[in-house]
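**Q** For the protein sequence lines, the chains are A and B, in the order given.
Numbering-wise (the working numbering), the first sequence opens with residue 423 and increments by one.
Numbering-wise (the working numbering), the second sequence opens with residue 138 and increments by one.
Among the hints, a few may not be true.
[Unchecked claim] Listed below are several chain B residues computed to face chain A (Cβ distance under 10 Å; list not exhaustive):
(1) A170
(2) Y177
(3) Q179
(4) E184
(5) R186
(6) L189
(7) W191
(8) T193
(9) R194
(10) V195
(11) A242
(12) A244
(13) E311
FYI, nobody ran anything at the bench for these hints, they're computed from the structure.
The structure displayed is predicted, hence computed values, not measured ones.
Where is the CB? At the ideal position from N, CA and C, for every residue including glycine.
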Amino acid sequence: MALLQIAEPGESAAPHQHKLAVGIDLGTTNSLVATVRSGLSVVISDDLGRPLLPSVVHYLADGQVDVGFDALVKQALDPRNVIASVKRFMGRGIKDIAHRESLPYDFEDAPGMVRLRTAAGVKSPVEVSADILRTLRLRAEAALGGPLVGAVITVPAYFDDAQRQATKDAAKLAGLSVLRLLNEPTAAAIAYGLENAAEGVYAVYDLGGGTFDISILKLSKGVFEVLSTGGDSALGGDDFDQRIFCWILETAKLKPLSIEDSRLLLTRAREAKEYLTPHGTAPITARLSSGEVVDLELTTEIFSEISKTLVAKTISPVRKALRDAGLSVADVKGVVMVGGATRMPQIQRAVGEFFGQEPLNNLDPDKVVALGAATQANLLAGNRAAGDDWLLLDVIPLSLGLETMGGLVEKIIVRNSTIPIARAQEFTTFRDGQSALAVHVVQGERELVSDCRSLARFELRGIPPMVAGAARIRVSFQVDADGLLAVSAREMTSGVEASIVVKPSYGLSDDEIANMLTDSLAHTKDDAQRRALKEAQVEAQRLIEAVASALKSDGDLLSAEQLARIEAEIAKLQTTALGDNRRHITLAMDDLEAQTKDFAARRMNKSIQHAFAGMSVDELESSVDSAQSLGETA
Amino acid sequence: MDFNADHFTLFGLPRSFRIDASTLDRRYREIAAQVHPDKYVQAGDAERRLSLQWATRVNEAYQTLKASLSRAQYLLQLAGHDVGAENNTAMPTEFLMEQMEWREAVAEARAAREQGELEQLHHRVKQRMNDRYEQLAELLDDQQDYPVAADRVRRLMFLEKLLFDIDDAMAALEA
């Protein structure tokens, strides 16, 4: 077949060549990048062999940006410009940020998401996260020897739409193509499940630096099914540090501190927390800028006592998640512990007591999420053979709804629905002749709009004059496999329509992202034009390969004429992609897409028919019979 | 396969209230594995869009058939008997009285922070619902008595809401 000749000549990628894909755990405290090498998932370390990258970014006045350990060491010296735990600010307004007064940052209130004033200018949390992600991308590209086809980025399962969208924006800004946003506990379950060939119901208890997730999953051969998830996206190891910090202030009877001293004591608090786990007691000493010396000893007993309420705060979402899954403690076969904060003995004890079994600690709690993400990235990039893959069914963590009269929430999609999911609901007008309808999209479980998170507002205009209650306005929600929402509204009698990808009201618009991208590329002295061209060429190659492999397996679905037309478009794109005109490449891709639209539909149909191939004729017939008999009696 | 086929046809199942849950699970997974967006990450836009639509369709069908209440509502809808929950709220007084008693019991237990009492209530409501669903199976599958079935479905909607509120009260006490 002529098609095979298209993919093979020259140095261009053959269809089954290994594609470079990574999994990234963008953590509150540390971040990691991992990949699959010779069938094994491995973390990619830096030049000095360090696997973890502290999620800390230092902005200097001359525009220089340091990420990781270099930034970490400057934390006490330049606290205002060294940004740590930025994940807690993602998709958050200034009012959402806990302990704001004890943080050394210069916050700026901005619509939707808070900004930080630094020596290098005002930074959005998205930009700070992008600096971390860019460092990991460069590390991976250097280690793997080429540009990445894409990355799976993990997010806390309990992240809402705003936080997810912010994470995806950060990845885009860092020059990463996002294969999928993957929930952290799900990533851990993949790593654990594949390594241990686990089957049955498992709980993943994931306490990170700034977020807490609990997911209940059903693992069976070839399927990872999330039954329910719960958590608290503002609860993590940082809060335990904070408790120790407060204990130091009280015990040493300290006066209000400078931001440098606060930062120093927070660091000491964190060190003490980590030291305590293996040692049982931890000395805390620090010399403050006033010359005053702090010299205390923290014991496990004191720490357990001062953090008791935090530990309890993690158990109540666990109960709720079990109930949502319709299960009890006895149904859970194992509890996988994830996140550095699960090393704390009081956490281990509380989880063990609740589930009535020893938690599973045989995976490195710092690395398991990145390893699982890399495995999924490898699958999504198409590096595994059919039959050697698995199906991942995840859920949306929080209900999505609309504001109705009186500030009440009408839920459209309920929490723990398997994604992708879509739902529509009809509304009507309230006044005679009403020509516009305000649509306010919210996320959360509470009944009042004011208790939920506002995601977006938009208006459906141009409704023809009708009496109150006559218009039929259908509002549709679609949540994709990344857990991201798109909303559209349509007046059914007139066909007036409005839609929105839920985003601009809290986050960054596409234009803002594009500007930042240009700025950052110019800043890093990368050639923006060249990079964009390179990306278009990679995209074109990806499309050609996708179509070629589709033709190879399902070419028989097409007539000779259709086949010839598609081949002609492939050849055109192939030639165009060798040139240096990005616009022409994009246009040629559009042409090929258009030419294969019908083919795609046929292939999808064939796939579904294939799923039925395993059914016996009897089963098929009986289903047809009963459907008919029901139809007759009705 | 026709995108607009009914949910039972989609999974190759007989159109009935009594359902073989394990067969439904298996068929769902088989079809989901074929259409899930994870399979089409590297595909062109058209295929990605189709995959999203199909996966959404299959998830919706599965959710509808999996839960007893939505399955019953769906069967009635297919048979042309709308449950009419919004326009048909007139319920017998005795049923409403009973509902009020349940609700008072929940409110009292919640106010007194009686977790154990709430669990008791949960089990009693659950038991009641299981009995009602068995009756519903007879009405729908054996007698094809849709008007009465629609009435029973409306009652079950009250009970499902009650159960939801009991669970909510338990969650509130734990928090």
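**Q** Take the hints in turn and mark each one as holding or not.
**A** Against the structure, the hints come out as follows:
Checking A170 (chain B) against chain A by beta carbon gives a least distance of about 5 Å; that is within 10 Å, so the hint holds. Interface restraint check for Y177 (chain B): the shortest CB-CB distance to chain A comes to about 9 Å, inside 10 Å, so the restraint holds. At about 5 Å, the closest approach between the beta carbon of Q179 (chain B) and any beta carbon in chain A falls short of 10 Å, and the interface hint on this residue holds. Annotation: E184 (chain B) was flagged as interfacial toward chain A, and the flag holds, the nearest CB pair being 4 Å apart, inside 10 Å.
For R186 (chain B), the suggested interface contact is upheld, since its CB lies about 8 Å from the closest CB of chain A, less than 10 Å. Restraint check, L189 (chain B) versus chain A: the minimum CB separation of about 6 Å is within 10 Å; hint holds. Of the supplied interface hints, the one on W191 (chain B) holds, with its beta-carbon coming within about 6 Å of a beta-carbon of chain A, less than 10 Å. Interface restraint check: T193 (chain B) against chain A, minimum CB-CB distance 5 Å, threshold 10 Å, status holds.
Hint status for R194 (chain B) relative to chain A: holds, with the closest Cβ pair at about 8 Å, below 10 Å. Interface restraint check for V195 (chain B): the shortest CB-CB distance to chain A comes to about 9 Å, inside 10 Å, so the restraint holds. This hint is violated: A242 (chain B) has a C-beta 19 Å from the nearest C-beta of chain A, more than the 10 Å allowed. Because the smallest distance between the Cβ of A244 (chain B) and any Cβ of chain A comes to about 16 Å, over 10 Å, the interface hint for this residue is violated.
Hint status for E311 (chain B) relative to chain A: holds, with the closest Cβ pair at about 4 Å, below 10 Å.
Hint compliance for this structure: hints 11 and 12 are broken, all remaining hints hold.
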